[in-house]
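Peer 1: Take the sequences, apply the hints, and build the full model.
The opening residue of the sequence shown carries number 0 in numbering that gives the first Met the number 0; numbering runs sequentially from there.
Misleading hints may appear alongside valid ones.
[Said to hold, decoys possible] Below, simulated EDC-like cross-link-like pairs (lysine to aspartate or glutamate); rule was C-alpha separation at most 20 Å, straight line:
(1) Lys228 with Asp457
(2) Lys227 with Asp214
(3) Lys227 with Asp457
(4) Lys225 with Asp480
(5) Lys227 with Glu215
(6) Lys516 with Asp480
(7) Lys225 with Glu215
(8) Lys227 with Glu458
(9) Lys225 with Glu458
(10) Lys516 with Glu489
No wet-lab data here; the hints were simulated from the structure.
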Amino acid sequence: MNTDGGTNPPPRVSPPDCADATRPCLASPPASAGGLEAVMIDFTPYHSSHLEALTSSQYWHHVCFAGGAPRIDRIADELRVDHDARPLESADREAYAAAFARGAFRVLCSDLARRWLGTGETSASDRRMRARCMQAVLVAQGQLTQAALGASSQRAVRLAAAPAPADTFAMELGIVGLARSGKTSLFNAVTRGQAQVGAYSSRTEPNVGVVHVPDERVDALAGVFKPKKITYAEIRWVDFPVAGFGPEGPGAAFIADLAQLDALVHVVRAFADESVPHDQVTIDPHRDLETLELELAFADLALIERRLTRIESEMRSVKTGERAALERQRALMQRLREHLESGRGLRSVSLDENDERELRNYLFVTRRPELIVVNIGEADLSRASEIEEEFRARYGSDSVAVTVLCAKLEAELAQMEPADAAEFRGDLGLPEESPLARAIVTAYELLGVHSFLTAGDDECRAWTVRRGAVAPEAAGKIHSDLERGFIRAEVARWQDMVGAGTMAELKRRGQLRTEGKSYIVQDGDVLNILFNV
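Peer 2: If you want it as structure tokens, here you go:
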């Protein structure tokens with residue numbers, strides 16, 4: 000059992016949503032747990048390094064391990080010893096059990112656990128793990144009580160054997176920045192929301208919004224097929240509160256949340272407004288940007304130092320056959336430390352495949368791709384391109400992109416009808432394309448993803464998949480059965496599909512081709528998957 004698991008949606012999401020997601024959720028303090036904060040962890044294989052972020056956070060001494068098997072209790076107690084903390088008291092256990100039975104805990108379900116929830120061939124051990132993970136899901140949904148947990152294995156196994164649902168959630172972007180930089184204005188702009196802006200530094204919960212990504216290709220296909228349903232790709236935007244930063248920098252739990260996002264959206268203040276005073280009095284976007292980047296780098300450095308300390312301790316008692324692995328870990332951590340100490344984030348470090356595999360166990364926030372949003376005032380709109388070039392030359396890279404916009408103006412335009420907003424842009428002499436639309440395209444490029452399409456009378460839909468994905472992997476985004484039983488894919492360019500008007504005409508024109516398992520899916524491909532299970 001571990002805390003390794005994908006990216007982390009904000010605590011405001013409901014438990015059922017968390018159970019369906021591929022990302023972990025930190026629970027709010029259960030009301031009946033005496034004010035204790037708690038986290039439920041899934042049953043993926045235990046490894047001490049996976050627990051680094053959790054044990055360094057505010058949650059570390061209130062961890063609830065789903066179940067109650069002796070092995071799980073041993074691990075829980077071992078955690079307290081390893082980190083020089085008190086054992087889990089019986090009173091705590093009773094409080095957790097009560098909250099656990101009420102379904103008050105949310106589920107931390109890792110990518111590995113999601114694979115166990117699929118239908119592929121697995122060992123008996125994996126099937127037991129799968130059942131336990133499903134039990135955790137059931138408890139979080141309130142469908143299973145702690146008392147019934149021991150008798151629920153068969154039900155859990157049956158549910159765990161069900162096909163995994165479609166992977167409908169593509170990206171999660173976290174908006175960060177110093178106080179009064181315009182983070183919430185940007186959030187309102189992209190989500191068409193009306194979250195409170197201004198003196199909100201005491202806010203402790205993030206603003207969360209899901210945005211449908213406009214796609215003219217989906218619209219064009221819908222015009223041909225007249226489907227019952229149209230589904231666009233989605234992006235979850237999370238506006239983190241300034242309260243995540245304590246007096247000594249960002250808190251560990253806040254850092255753990257950031258590290259599990261798909262990308263950071265770093266809002267940098269470049270506007271002057273006397274009604275919104277800057278904490279440092281003067282406006283200096285480069286200073287502000289580098290201040291936050293330094294804080295995040297320090298957080299990663301602290302995690303590395305803790306891991307190096309543990310490695311040194313383990314080296315004194317490790318068996319001969321395990322020493323080489325620890326030495327490789329130590330060398331990697333030392334190299335990462337040197338990179339951070341040179342003033343660069345870990346997203347720019349060169350890693351081989353083995354290094355990448357090792358670092359999947361760690362929550363390093365500066366490894367996340369980053370979109371820098373320079374938030375300018377309306378007076379500087381005419382210089383937007385010049386400012387963007389300046390920041391791109393200084394900070395841009397393969398994993399860091401830059402865009403410039405006026406978040407306050409974009410938030411106001413987002414509340415208008417699209418036609419009125421377009422007319423207003425024209426009156427201001429602004430480009431017809433919104434900078435927010437460009438930011439979404441940039442985010443896709445940063446994350447190395449694109450969209451393929453499915454079309455029919457029932458639904459026209461865009462699916463997000465990584466660039467370079469082969470056809471079976473794309474099929475798995477639709478349903479796990481399609482990947483498991485993949486035979487071949489019928490593929491067409493979306494323009495050809497729209498031009499033909501019908502599948503029969505597309506075939507008559509010779510524009511529908513058949514591709515096998517090695518086909519690399521292209522942006523805008525329309526796929527029809529043939530499979531057998």
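Peer 1: Of the hints given before, which are not true for this structure?
Peer 2: Going through the list in order, the structure violates hint 4 alone and respects the others.
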